[in-house]
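**Q** Just so you know, the protein sequences line up as chains A and B, in that order.
Position 305 of the first sequence, counted from 1, bears residue number 305 in the numbering used here, the numbering being contiguous throughout.
Position 73 of the second sequence, counted from 1, bears residue number 73 in the numbering used here, the numbering being contiguous throughout.
These are calculated hints, taken from the structure and not from any lab test.
Errors might be hidden in some of the hints.
[Unchecked claim] Calculated pairs, DSS-like style, for lysine-lysine (alpha carbon to alpha carbon, straight line, at most 25 Å):
{"hint": "1", "chain 1": "B", "residue 1": "140", "chain 2": "B", "residue 2": "86"}
{"hint": "2", "chain 1": "A", "residue 1": "374", "chain 2": "A", "residue 2": "386"}
{"hint": "3", "chain 1": "B", "residue 1": "117", "chain 2": "A", "residue 2": "320"}
{"hint": "4", "chain 1": "A", "residue 1": "17", "chain 2": "A", "residue 2": "243"}
{"hint": "5", "chain 1": "B", "residue 1": "86", "chain 2": "A", "residue 2": "354"}
{"hint": "6", "chain 1": "A", "residue 1": "74", "chain 2": "A", "residue 2": "231"}
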Amino acid sequence: MSELTAEQVHTEDLPPKEPIWEVHSIHKAFPGVQALDDVSMAVFPGEVHALLGENGSGKSTLAKCIAGVHPPEKGEILYKGQVQNFRHPMDARAAGVATIYQEFSLVPSLTVAENIYLGRYPRTPLGGIDWSAARKATQKVLEQLSLSIDPDEVVRTLSVAEQQLVEIAKAISLESSLLIMDEPTAALGLVETQRLMELIRRLTAQNKAIIYISHRLDEVFEIADRVTILKDGKRVITSPISKLKMGDVVRAMIGFDIEQHYPKHYNASPEVCLRVEHLSTETGVQDVSFSVHVGEVLGLGGMLGSGRTEIARAIYGMDKITSGTIAFDGHKSGFRSPREAVDAGVGMLPENRKTDGCFFNFEGPKNITISRLKELLTGPFLSLRKENKYGETYIQRMNIPPTALDRSVQYLSGGNQQKVIVARWLFSQARLLIMDEPTQGIDIGAKLEVYNVINELTASGISIILITSDFPELLAMSDRIAVVRDGRILEVIPASQLSEYQLIGMATGAGTSEDVERTTAED
Amino acid sequence: MEIITKFFRSTVAGPLVAFLLVSATASLATDRFLMPANLSNVSLQVATVAVVSIGATLVILTGGIDLSPGSTVALVCCTLAILVKKMGVPLPVGIFLVLLLGVACGAINGFFSTYGKIPSFIVTLATMSIYRGLAFLITKGTPIFSVSDSLEPLFYGRFIGIPLPFYYVVVLYALAALFLRNTISGRAIYAVGGNESAARLTGIAVNRSKMVAFLIAGLSAGIGGVLLTAWLNSGSPNYGAELGLQSIAAAVIGGASLVGGYGSMIASLIGALTVAVVQNGLNLLAVPASWQEITLGIVIVAAVGLDMWKSSIGRGLGSLFRQS
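Excised from the complex, chain B in its bound form:
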């Protein structure tokens, strides 16, 4: 019984229960959900949002918010397409350059919201518009298709029968979790989000910590952009429009608090998976897009509610087991 109460007190309990509920519903609603072909499809669908959520989580942990990653992704996609297809830059060089671009986008967000003292919500609201505008500018509004033949294998390739994006996600999350749990910078991010004033008084470089979070957010949006370009083998200024909010949704479903200081990488990954499973399940059931959006909204509220109410649910279940 102790284990049950303890589990419900832990931070991943709420998100995990939400994820299992959503998965169970999906597998009951359609036989195809649990088929290997579909599951590997899910892992493809989850990859971009999961990678972008790494950055979203870090920024949220510092007590900030990043609305811009969707636009960063679009700008990265278009730049990569132009570099490789129109300017003939070798693919690896192109990828390296657009990752730098992603970091630069994050640096701009970070600079203005820390040293510039403008709330991150406002800064990233502005850059959300600016980055996407730039994507339209450099492509003149037209998508660029068939970017490179060697791009698709990066996304559709398999290793021991499992799609490559699965490995990307696992490796990136492992690195992010290690950074967050076991480095001074990672701990500082929690401290800044938990109590900024106390962090400053204990000698933590508050602005630098926030900057680090935004830089990594830019990088993760950059990686997300590369993955999206490889997935669709094209770049369009319209890409990634939903990614900004979905990555926030993933972090929030994972139990991250928008006040800062609470949340973890593993929980955000579960959150991203939940978002992906909802979409996949509804796709399988041929639910129209409008209803998909509505359902996602309901899932966000339900998942966060589960997290808020989990301790009382845990107590309730605990006493239920004790009685029997």
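Bound conformation, chain A alone:
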């Protein structure tokens, strides 16, 4: 690792072309942090250049400097050797930089075509908007992505994954020389991700340059040509990806070794915590049966739209059950609302912690105590002193920065926000926790902490239903996996007897477990 210095890379490993885009010793500070400290990077035509680093390492800031969102304080951005002076994202766009941001920039109430050509609609000779041209052009871009989305569909009605694909289509339609993708697959399932990978290959074949930011290292190794790793705003290394191993990259990003990428502890006991029998819902869940043991992590393995989220929603009382029973700790009836579920001791880490999890108008303690306010009562009144004491205890226990004590949780990183929500369910003494994409969009260090939290939770007898699109994570952190497809559970299999390949095969319908050697795994 240490012998791979930046200089060497520059002399040995340059592709035999001139860089098309370059940044030269960029500096950028925000109040209290030096976000970028003397960072340089070159991108060549036809190259996928991965930009890696933990949250707060400066990679998104660097992308925003290139995209004209943040003008750098020092340093230059060059296009074909010419210094560019971007004062506004429009400047960068005009110069050929297209960006796909982590946060969506789509207008939900407009159609796909209207969104893709927003602000640059094709005109008719009379000066009106040429809708048929816009629709046709949209159709063409969508076909490039082999997407079967109707250009006239209103964006609000699309799934999150489809919205993300439209976002990508929008950036591609800009005909740019550089495409910056900031976590483009965060909301995508496996099939969509593969489609995006193909598209990226087609784009690089057209000599477009791509800066690819992602937390999913397997993707990076699949698609990237070179990688630049940032840590604390400084460049650690730039190297062809072929010269690095996964471990090198992780070490460079977090500054230490993760001996075990997935530190799984097995804490399942024979007692049953949740028993679901012949469950069907209006939302497409069909005759689903499974049980979760005390201290067990049961993974719901399926593609986006397989019905895995709907199963979780039904258990949590969010969707109406049409038939079947859910028995939780002897509760025979199932729950008619999340309120009943929470009161009975079930908790939920929602997929989207910003819109469904955190209260940004609250500081840490209030975010934690909200699910069991009764605990704070002294007579008829809430004791704020008790609240702060509990807050302090849980913030310390979950290793959340102490600033969370008296500042809004919006100032916390994604990983720490996730921990605040876990603390909420610890405080409410939940015995079953539904985790929907608990590590989405958080960096490796924080992921590791989430895994350790899962171990701690199960060790203390809490059962977990884990939903994640990250199949290696699902396989490593689950005790057993229920494979979900088309609203049905195909099988429940011990995770140790399942490979990623088999899981994908079953989840996509490409193959079933009959092809697979394994022992039966009923409870």
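Keeping the supplied structure of chain A fixed, place chain B upon it in accordance with the hints.
**A** Same frame as chain A, but now just chain B:
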């Protein structure tokens, strides 16, 4: 210096600075502003709008809005006048009944905007019209004067030399602040306004919380109506026309966010005081009514602006002090 930055970060900083600026301007513009007689006059003027603002704040905290309290006040005034003067109902009974009426008005708003799933803006836009229409209907459009001799002392009475409305406001705000800060229902209101979806997923009864806010808003409009009837010893369907918007203005000047989740009782009280001081100061200066309205509008924008920009102002002042 830390205290200064901290103060500017706190939620009451913006409204308080706005209030002090307005008061300072008023006292510089006219000597009479700070005279005790005028100050007690201000406390009379602020009473109704301040009480109505309690409800406005709660509804805004849930992320809703209530346009109807002015009309509720009119309906309450007229009903009280009719009950007491025309039907001979004893005053305490009359007051009790019209407070129930206020709560009922709030319940209707709440029911349709939660269980009925119609946006509160639309529901209260409709009831704003309906409640005032009812007030016209029951009075046939004519004001009722000299409602009761025992009504005026409720408003003009004094205790240790201080007008009674001052105490009403203090007590009601203390209760409201206690409710909001230190009860489960109060916390739920903040949670619902801050993130409705998260609130539902953490087991908060979202509709019930919104309902509670509307019920209290109805009650506070009812109390405001009683105070107004006592103040003027009369009931007219034209009363309270400006109260709906003024109560929203008070909450907003106090830093409440119309998205919900942000705001506090003390800040809204400061907001109501600001509204009252602007009116009082302009009255003292004999500024015509049209200019009073215009000035109030400017104050709303300036106060909210102060709140939005306060952190940068705070930083600026902080660094100023550090340098010296």
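**Q** Does each hint fit the structure? Answer for all of them.
**A** Consistency of the hints with the structure:
1. 140/B <-> 86/B: Roughly 13 Å between the alpha carbons, so the hint for residue 140/B and residue 86/B holds.
2. 374/A <-> 386/A: holds (11 Å)
3. 117/B <-> 320/A: holds (19 Å)
4. 17/A <-> 243/A: With a Cα-Cα distance of about 20 Å, the restraint between residue 17/A and residue 243/A holds, given a limit of 25 Å.
5. 86/B <-> 354/A: violated (57 Å)
6. 74/A <-> 231/A: holds (19 Å)
Of the numbered hints stated above, the single one contradicted by the structure is hint 5.
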